[in-house]
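Undergrad: Chains F and V, in that order, are what the protein sequence lines are. According to the numbering used here, the first sequence is numbered sequentially starting from 1. According to the numbering used here, the second sequence is numbered sequentially starting from 1.
Note that these hints are calculated values from the structure, not bench results. We put the beta carbon where it would ideally sit given N, CA and C, even for glycine. Watch out, some of these pointers could steer you wrong.
[As the list claims (entries may be wrong)] Facing chain V, according to a computed beta carbon distance under 8 Å, are these residues of chain F, among others:
#, residue
1, Ser647
2, Leu655
3, Leu660
4, Leu661
5, Phe663
6, Arg665
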Amino acid sequence: MPNVTPLQNILVVVMLWLAVGLAGLAFPRNLRIVTKLLFPIGAAGALALAVSGYSAVTGAVDTLILPLGLPDLPFHLRLDALSGFFLMLLGAVGTGVSVYAAGYLRAGEASAPGVQCFFFQVFLASMALVTIANDAYAFMVFWETMALSSYFLVVSDHEQPDIRRAAFLYLLMAHVGAVAILLCFGVLQGGTGDYTFDSMRGVEHTPFWGTVAFALALAGFGGKAGIVPLHVWLPEAHPAAPSPASALLSAVMLKIAVYGFLRIMFDLLDTSVWWWGVVVLALGLITALYGVIFSAVQSDMKRLLAWSSIENIGFIFAGLGLAITFRAYGMGALAALALTAALYHSLNHGFFKSLLFLATGSVLHATSERSLGKLGGLIHRMPWVAWLALVGTLGIAGVPPLNGFVSEWMLLQAFLFTPGLPHPYLNMFIPVATAVAVLAAALAGYVMVKFYGVVFLGRPREEKLIEAHDAGAWEKIGLAWLAAGCVLLGLMPVAVVELIGNITRLLVGQSLGNPSNWLYLAPINAERSSYSPLLLLTVVALVALATWMLVRYFFHGRIRRGPAWDCGFPAQTSRMQDTAEGFGQPVRVVFEPFFRMQRELPLPSDQSPRYRVTVDDHFWYWIYLPLARATEFLSRMASKLQQGRISIYLLYSFLTLIALLFFVR
Amino acid sequence: MSSTQALLAPSLPSQLINLLAAVMLLIAFAMLAQRRVLTLINLFAVQGLILTASTLLVAWTTSQPHLYWSALITLVLKVLVLPLILHRLIRKLNVKWDVETLIKIPTTMIVGIVLVILSFNLALPISALSGTVARGTLGIAIAIVLLAFLMMITRSKAVPQVIGFLAMENGLFFAATSATYGMPMVVELGIALDVLIGMVILGVFFFQIRERFDSLDIRHLEKLKED
């Protein structure tokens, strides 16, 4: 079809999704139709979207004006490489999640399957539309649609008060963020009164107003992405949603926030000041460290993953911060490197986080247990899920040759170039800050060992885990799709970096000058550092094979299964394994000032000993509770106006009238 | 308009209009002081009648035919229909007396006088500019509106409040005819319809309030406030 542009393709996919969603509403309780027909159709749409996104990254910019919206205020759409990249992410991850959801939804669980299908498809469609919106009006409409539909996904299981509370917190934060974004657009239009992005690109801003716009964008999009201290909703809301929705929220929606921030900082806002980047970098690093530390002490597997999302978002923002600083100093190649790392990490996180969230969904269905303390040994019962989750675990832990390593490695490369910054303090402090990034990356590995080890390895901690069953075919396909994505992104960094080059050329005017070498990824230059995952994989595979052969054929060749070493204490039970709390204990002790802890230790004389520890977020007590109390106080003051007496209300109008009469006089 | 020019002089029609305005103001004060609901309704009807007369007078002197229609609407609505509805209402609800006002009547009168001075003061710059029959009447019209508002504030029963609301509309209408030779017909019809519908809705409300609280005292509504 030569006449259909990618943009039109995307609109067709969006309409398909909306139609599928409406069909879901038509058959809300018919599980067969919803899961076996509607979700696969949605998945096909997502795949088509990914292809369109890919062709947009490599293709030309395309615009369109929709005959929708208010009179004289139509929706402007624009597809460029940046939008295309995020559409690709949305489509590729959405395909896997949709296929998985086809096997995941059950009747009688949370709200009706058809209703969930509706909000799921609307959520996908609105995210796609956000990335192609080309005026503030359309952007805000799609942005709010995204927030609302995801709110309904979060609150699917609305019978539980905890979930209602989490969802409300999410909605509140989303709206506060939306107000910040709206104000940001108000600043960006710069008094022209024209809210199309095309006009904003042409507006010159003074440093002051530019800074205001930057701060608003950081607050709005950072809040949506979960930047500390606006992250509190995230560990509540993401685990509350059903697993496919959690996967979309964590893997894709956070990236849409990253997209919004990129769009404003690198496209709409023409000025840039070096210290903006430092602010973003500092917040990103704090977020990364904070997220990973809290992730290490969680004992609910979905909460653990949610905190880990905060950590990854921190990495992405650290990369963006570096890119902003490099760009402000005119160091285009390094800005391109940092930006590439951030975009690459967005893509990677999309794949492995959705994979892990979906894996927890399968575990949840098989065992109806979310607490890490009651799981264990599932690799024997659910080998498919366990092995596929292992791919995601290794990816997120940054183990080569999987995908997480590539982006983290590139980000560290970007950090190592900061001594070249022409600013005396920055080129001293940022290399030190690199240590924080490395620490967070290492702790992320620790967290993933905890996650995987406690859930899948060891022995089952509960009797009922024996009956756990592996995931169904649809779920397996969905998981395998995402795992394949992790592997491919890890093995073909050169191709991906070349693809991202189209975006960096658009945003910072340069791309990574990778000498046309398909085997080695060498950002900046090959003498400094280079990486070849294929070579690494080959060597690792050869060494492993050789070792196995040696042991099998030349050493003794006998395999004997015996009991594990029991330290001389034979009466072991599965409760004696290292627990999630035990695993997190070193982190809890080392980083004690980060937590607000309450512990309840049993006495030696207790007949039924109980150990309880709750770890709270300081920010609740530092920022949110005082804010809530202040709001309550102000509303109590305001409610004094409301006396409930008609005469008083009439008196108010009367006095207003008199005052206005005097005013116009 | 030559007729307008003629009216600037203290001619007979303009003097008559001023007289009628003064009577309307007087009635407004009488309503403010009146405790009996029945008399209040009668006063309202008389005020409507005077409004009709002044509208007719303006229509005749400035020869604007659409003001005749306004006068007719006023006559039908404010002199006949609304008082009739109100009479039936109070007979059905059996409330003849407005026992207590929230503020004592003499105090209210003093506040009223202050309001009249205030409204004349407010109308001064507008009157100086206007070349209509009006001149002084705009101040009176504003005063009538404010006095009716004051009556709504000071009464504790629902029926007098509604009468206050209707009297306020009288004042507005008077301001419109005397200061600007009437509003466009569409607006006037709309307002008339509004008043009528408002009356019907309020009538329904009366019965509801009474059924709920066994009284028409709106102070009972304070209980509806959420703490």
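Undergrad: Each hint needs a verdict: does it hold in this structure or not?
TA: Hints, one by one, checked against the model:
1. Ser647: With a minimum Cβ separation of about 5 Å from chain V (threshold 8 Å), the hint on Ser647 (chain F) holds.
2. Leu655: Violated, about 10 Å.
3. Leu660: Where the cut-off is 8 Å and the nearest Cβ of chain V is about 11 Å from Leu660 (chain F), the hint is violated.
4. Leu661: 5 Å, holds
5. Phe663: 11 Å, violated
6. Arg665: Status holds, d = 6 Å.
In summary, the numbered hints that this structure violates are 2, 3, 5.
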